[in-house]
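**Q** Here the protein sequences come in this chain order: A and B. FYI, the numbering for the first sequence is 1 to 312, going by our numbering. FYI, the numbering for the second sequence is 1 to 253, going by our numbering.
Rather than coming from a laboratory, the hints here were simulated on the basis of the structure. Note that the structure is a prediction, hence the values are computed from the model and not measured. Hints may be right or wrong, so weigh each one.
[As the list claims (entries may be wrong)] Calculated cross-link-like contacts (lysine-lysine; reagent style DSS-like; alpha-carbon spacing at most 30 angstroms):
{"id": "1", "chain 1": "B", "residue 1": "K253", "chain 2": "A", "residue 2": "K236"}
{"id": "2", "chain 1": "A", "residue 1": "K131", "chain 2": "A", "residue 2": "K117"}
{"id": "3", "chain 1": "B", "residue 1": "K253", "chain 2": "A", "residue 2": "K140"}
{"id": "4", "chain 1": "A", "residue 1": "K131", "chain 2": "B", "residue 2": "K252"}
{"id": "5", "chain 1": "A", "residue 1": "K127", "chain 2": "A", "residue 2": "K110"}
[What the hints assert, rightly or not] On the chain B side, residues computed to face chain A include the following (Cβ under 8 angstroms):
{"id": "6", "residue": "A5"}
{"id": "7", "residue": "G87"}
{"id": "8", "residue": "T88"}
{"id": "9", "residue": "E91"}
{"id": "10", "residue": "L200"}
All C-beta atoms in this analysis are idealised placements derived from N, C-alpha and C, irrespective of residue type, glycine included.
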Amino acid sequence: MTSIISISGLSKTYASGFQALKTINLDIKRGEIFALLGPNGAGKTTLIGVICGIVNPTAGTVTVDGHEIASDYRAARSLIGLVPQELTTDAFETVWATVSFSRGLFGKPKNPAYIEKILKDLSLWDKKDNKIMTLSGGMKRRVLIAKALSHEPQVLFLDEPTAGVDVELRKDMWQVVRDLRASGVTIILTTHYIEEAEDMADRIGVISKGEIILVENKAELMRKLGKKQLTLHLQKPLDAVPTELATHNLALADDGNELVFTYDTMAERTGVTALLSDLARLNIRFRDLQTTQSSLEDIFIGLVHNGAGATS
Amino acid sequence: MNSHAILAIYKFEMSRTLRTIWQSIVSPVISTSLYFVVFGAAIGSRITEIEGVAYGAFIVPGLIMLMLLTQSTMNASFGIYFPRFTGTIYELLSAPVSSFEIACGYVGAAATKSIVLGLIILATSWLFVPLHIAHPFWMLTFLVLTAITFSLFGFIIGIWADGFEQLQIIPLLIITPLTFLGGTFYSTHVLPPFWQTVTLFNPVVYLISGFRWSFFEIADVSPMVSLGMTLVFLCLCLVTIWWIFKTGYRLKK
Ligand SMILES: Nc1ncnc2c1ncn2[C@@H]1O[C@H](COP(=O)(O)OP(=O)(O)OP(=O)(O)O)[C@@H](O)[C@H]1O
Ligand SMILES: [Mg+2]
Chain A
1 MTSIISISGL SKTYASGFQA LKTINLDIKR GEIFALLGPN GAGKTTLIGV ICGIVNPTAG
61 TVTVDGHEIA SDYRAARSLI GLVPQELTTD AFETVWATVS FSRGLFGKPK NPAYIEKILK
121 DLSLWDKKDN KIMTLSGGMK RRVLIAKALS HEPQVLFLDE PTAGVDVELR KDMWQVVRDL
181 RASGVTIILT THYIEEAEDM ADRIGVISKG EIILVENKAE LMRKLGKKQL TLHLQKPLDA
241 VPTELATHNL ALADDGNELV FTYDTMAERT GVTALLSDLA RLNIRFRDLQ TTQSSLEDIF
301 IGLVHNGAGA TS
Chain B
1 MNSHAILAIY KFEMSRTLRT IWQSIVSPVI STSLYFVVFG AAIGSRITEI EGVAYGAFIV
61 PGLIMLMLLT QSTMNASFGI YFPRFTGTIY ELLSAPVSSF EIACGYVGAA ATKSIVLGLI
121 ILATSWLFVP LHIAHPFWML TFLVLTAITF SLFGFIIGIW ADGFEQLQII PLLIITPLTF
181 LGGTFYSTHV LPPFWQTVTL FNPVVYLISG FRWSFFEIAD VSPMVSLGMT LVFLCLCLVT
241 IWWIFKTGYR LKK
């Protein structure tokens, strides 16, 4: 797959002197859904802002489909749709007017049928003649999405598109995103709902303190960093993990009523059989057992806390 | 050239104007009428004519200029300041439009509004005094050029301003005084020679003088000088706007 966005040596220091982006190198592949994850203040919005022309970079270059964002801004920006993180909308305009305005601004001739389709897909059709200020927060968010889609972009940036949107509409919204992807649109999203990224993304990038600390295929990442845990509910509580079991990666939980075994699903031997036979030998009995797999959220928290070292 | 974008911005701004059409038109018309009553009637009864023109008629071009300058500046500055204030400017910055196209949309709309307003005030004046326009073509040329120039100027103010106070301060503290001192209500020829020289540093003198010449063929300075000064100011504003968008001054983070 070729890349549609290439970022190299990008850095941003704000006028305040704060360095929000250190040296960023990143390629976004054509047609993928890329989830950019990172804690508050990591630099996600800043990075998106630079690519879209809202933030002046301090150094580095960005190309969108081969067009440099500064020297060839017209071609680069025509390809991009942006849904900003902040709910910034006009107040007095109608939904229809503001979405049509966006299309015109991006140099596209009128196409009422297309705008009708977007509004219907985003469940905004019955609100088309309402003033934006009369809409709820979640509806405004969808208006911003409709505006971003109005000019049929090839690349769509969604900066926390689901913040404040209810569960059902969130599902609709992700369906819209999936359809877009199916039609060949590249999507870059940020979200603090990690399970959404886990659901949607092809690749995941993690940014922390202005640095990209990891970029990986989601499936690969889940396999590599995903830990599995086997929890044994003991018949009799233990005071401590018996020394005979010290070689296994064990911990006690629930006041010694549970024995938790953490293992790596990638390893050649998981050590489950050995553990169970050791337990039988020591006559430690259990009532029940259960296994759990770490989610992307656990992986993410681990990464951000331990920094880049944890990954490679 | 992204003509769809220019049109989109222009229409957006015009619909904003139309939403507040009554405030936009009624208040300037009322204040112009008040000037007529106060200056035309009160002073006009003492000064009957200036350089062969009835005083009531003499002040008409000055009054139109006064409205044109303040309204153009205020409209255009508000037009661009508001998206900065609400944050919707992000869309403008991320769109494939040049600074020239953005300025065309905003300035075009602001200028349209003040030109229409100028013509309405001209029509209102006709109710008070008989008027004769010697050079209708030049009258319109000065009207349009001034509206565009000061809408550009307002656009710059709207980008520079950091709050609503700053937005108000330039029209209030600079434009209105300069217009009053620039010969709205008198010919600068009535001033002592020293003050006549001082007034030549007031750019508004050239605008009013040229505009008045197109009505009555009387002028404080040659109409060609007026035209030249207007064009110089226009170019200065254009260069400033080009620089603003090139550097992202006050627009980009
Ligand atoms: N205009 C600005 N001037 C100075 N510093 C800024 C500016 N905008 C953002 N920052 C700083 O840059 C850093 C990155 O901000 P950014 O908005 O990119 O974070 P983010 O990853 O999007 O966070 P969040 O998840 O909260 O949206 C933060 O520390 C922020 O305080
Ligand atoms: Mg953000």
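**Q** Find the hints from earlier in the document that the structure breaks and name them by number, from lowest to highest.
**A** Violated hints: 1, 10; rest satisfied.
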